[in-house]
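Undergrad: Each chain, written out:
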Amino acid sequence: MAEEWRAVRDAHARPWMGRGEKGRTAGRGMPIPRRSPGATNRAAGGKVFGAAGAWWLLCLVGVLTAVLLLGGGGPAQTADFTRSWLPPSPGHPFGTDHAGRDLLERTLAGARVSLLVGLAAAGTSSAIGLLVGGLAGSVAHRAGGWLDSVLMRLVDAVNALPHLVLGIVIVALLGPSLTSVVISVALTHWTTTARIVRAEMLALTGAGFVEAAVGAGASRWWVLSRHLLGHVLARALLATVLMVPHAIMHESALSFLGLGLQDDRASLGTIIEQSRSAVLAGHWWPAVLPGLVLVLLSLAVYWVAERLRPVSVGRS
Amino acid sequence: MEPALLDQRQAVSDARPSAPARPRRADRSVARLVLGRLLLLPLLLAGVTLAMFALAQSAPFDPVVAALGERALTMDGPTLASMRERLGEVSALQQWAAWWGNVLTGDLGASTSLRRPVAAVLAERLLWTLGLMAAALLLAVPLGLLLGAWAGTRPGTLADRVVGAGLLSLQAAPPFWLGLVGIWLFAVAWGWLPTGGATSLSADRAQPLDVLRHAVLPVSVLALSQLPWYALVVRDATRDALAGPAVRGAWARGIPRRQILRAHAVRPALLPLVTVLGVRLPELITGAVLVEVVFSWPGIASAVVESALRLDFALLAAITVLSTIIVVLGNLAADLLYRVVDPRVGERDG
Numbered sequence: 479m480a481e482e483w484r485a486v487r488d489a490h491a492r493p494w495m496g497r498g499e500k501g502r503t504a505g506r507g508m509p510i511p512r513r514s515p516g517a518t519n520r521a522a523g524g525k526v527f528g529a530a531g532a533w534w535l536l537c538l539v540g541v542l543t544a545v546l547l548l549g550g551g552g553p554a555q556t557a558d559f560t561r562s563w564l565p566p567s568p569g570h571p572f573g574t575d576h577a578g579r580d581l582l583e584r585t586l587a588g589a590r591v592s593l594l595v596g597l598a599a600a601g602t603s604s605a606i607g608l609l610v611g612g613l614a615g616s617v618a619h620r621a622g623g624w625l626d627s628v629l630m631r632l633v634d635a636v637n638a639l640p641h642l643v644l645g646i647v648i649v650a651l652l653g654p655s656l657t658s659v660v661i662s663v664a665l666t667h668w669t670t671t672a673r674i675v676r677a678e679m680l681a682l683t684g685a686g687f688v689e690a691a692v693g694a695g696a697s698r699w700w701v702l703s704r705h706l707l708g709h710v711l712a713r714a715l716l717a718t719v720l721m722v723p724h725a726i727m728h729e730s731a732l733s734f735l736g737l738g739l740q741d742d743r744a745s746l747g748t749i750i751e752q753s754r755s756a757v758l759a760g761h762w763w764p765a766v767l768p769g770l771v772l773v774l775l776s777l778a779v780y781w782v783a784e785r786l787r788p789v790s791v792g793r794s
Numbered sequence: 056m057e058p059a060l061l062d063q064r065q066a067v068s069d070a071r072p073s074a075p076a077r078p079r080r081a082d083r084s085v086a087r088l089v090l091g092r093l094l095l096l097p098l099l100l101a102g103v104t105l106a107m108f109a110l111a112q113s114a115p116f117d118p119v120v121a122a123l124g125e126r127a128l129t130m131d132g133p134t135l136a137s138m139r140e141r142l143g144e145v146s147a148l149q150q151w152a153a154w155w156g157n158v159l160t161g162d163l164g165a166s167t168s169l170r171r172p173v174a175a176v177l178a179e180r181l182l183w184t185l186g187l188m189a190a191a192l193l194l195a196v197p198l199g200l201l202l203g204a205w206a207g208t209r210p211g212t213l214a215d216r217v218v219g220a221g222l223l224s225l226q227a228a229p230p231f232w233l234g235l236v237g238i239w240l241f242a243v244a245w246g247w248l249p250t251g252g253a254t255s256l257s258a259d260r261a262q263p264l265d266v267l268r269h270a271v272l273p274v275s276v277l278a279l280s281q282l283p284w285y286a287l288v289v290r291d292a293t294r295d296a297l298a299g300p301a302v303r304g305a306w307a308r309g310i311p312r313r314q315i316l317r318a319h320a321v322r323p324a325l326l327p328l329v330t331v332l333g334v335r336l337p338e339l340i341t342g343a344v345l346v347e348v349v350f351s352w353p354g355i356a357s358a359v360v361e362s363a364l365r366l367d368f369a370l371l372a373a374i375t376v377l378s379t380i381i382v383v384l385g386n387l388a389a390d391l392l393y394r395v396v397d398p399r400v401g402e403r404d405g
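Just so you know, the protein sequences line up as chains W and F, in that order. Counted the way our numbering counts, the first sequence spans residues 479 to 794. Counted the way our numbering counts, the second sequence spans residues 56 to 405.
For the record, the hints were derived by calculation from the structure and aren't laboratory data. Because the structure is a prediction, the values reported are computed rather than measured. Each hint should be verified, as a subset may be incorrect.
[Said to hold, decoys possible] Examples of chain F residues lying across from chain W (beta carbon under 7 Å, computed):
hint, residue
1, W239
2, F241
3, W245
4, L248
5, V359
6, A363
Ideal placement from N, C-alpha and C gives every residue a C-beta, glycine not left out.
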């Protein structure tokens, strides 16, 4: 804390800083960042609940919710092969697919499936990570320290596995379905949360307010539930949000390989998979436009996570 | 003699005998690292394959089909039923032990989907996959270093922000989609490059130039999909190093700007780059799987998908084991490289 403030103060006192304290270039083009990363984060943290930040966040969350609730709510589209492979036009902004179905509607439905699977997989993997990390963090440095090392070696081991290959194996053995996709992503991705939760618990155990509580005679359970849980949950929530785009990516990759979701529950990956041969025939829109939506969806979730980061870190 | 000078002499004579001891200590810690990983590897492989066999048994997955492949479809009912009963009695642990027994004697089993011994399948495909991944790394790492260092030494400028936003978007783009966009643009719309495969259909043997032409798109797409991770980590590390006291001190001593950037800003960024190289190895394999499928590249990764779709258990198990070995050894290589780049590491825990 004190160090960060000193860095901010020094930034104002740098003699070579040139034009004002812009920090873009100093002196003869010597670039020096304006503030320490911590200071920038804090500034952003203030902005989240500031007018502009909150407005954007609400907007984005609104759009994501709309995609979740409304996308693909309509009746299943009937095939009309006289209208197949129509390029994008005002009537069909995303064009039509091989069966003459409107691709915008299919893409929205796919985005909804992708987002749902991403949320479910990220939630499940975080739950596992919270459990393992919490267990490891609460027994480390105590009588059960061996359990901590065993769990952390397990984390290392899972990290050392090729995730997609393992995901393919799991889906192949369980049979392609929404559940097996969620399971395969969750089983290969819980380690990040576990690491974060454990580190947070260890850091908090040494924190002043925890030592004070212990000194005042608080029981272990009291400390855990009143002092640790809130902080750890905030961090775990951030990790979960950050996991969502990754989970979406894995789901779409599995679907693209023909192992994930099938046509009756098409995700964005399924739609792109079905457009592979179309690309070779010169029909670019069925692959490119849903893919762009996938990129935007991931970026949007990243963006939310970046806004959440200062909040969750600031609370700790 | 003045005490200060004495101290100095003392320090020099202290340093001399301990100088050769230093590398020895580092050697020992390197040996421990290598040994630890090599001991971890069999445990990891045993655990993963055991989990696979257990999963295969508890899953809605027909062991007869797994054992016989498509021959099971042409067999009559009673024979199938008796086989199913016999196979059902064998526990996952026994199957697992039998499989490892075979593997250790050099028998990887036969691939039911490709109708060939698994070892032969792996042998002819391994080189294609390793070549693809190595070429992509050779392209992505220097490019990521350059781009990251270029943006990182210009923090907050328009160039930095444009590069950062571009890299983030690239990070959010799935490799298979990048591949399809590449095929559409360069192969279909403009017709510059072939759409897939590793050799032309007309060629009866692999011609180096022909293979090179076919490799341009897959290698570039794989490199592009990995580039953001390398470039972003270099950019952030460079920016942090620029704000650090070493740079401030060097600037105060009047060291030229170019030298500061090279020695104090970009050099420290090599450390996180090496780390991310190791950590991202599983994702490189993920990218290779997707790129190989999109471009019909004849490597191992595309065989994974084929074997998974057809429940070709022997091939699936062999590829899982192989890719695990690659990741563990790659991580070990990254850790060793880390010691080369940062000499402090070996000493600290030695």
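Undergrad: A separate judgement is required for each hint: does it hold in the structure or not?
TA: Hint check:
no.	hint	result
1	W239	holds (5 Å)
2	F241	violated (12 Å)
3	W245	violated (12 Å)
4	L248	violated (13 Å)
5	V359	holds (6 Å)
6	A363	holds (4 Å)
In the structure shown, a violation is registered for the earlier hints numbered 2, 3 and 4, in ascending order.
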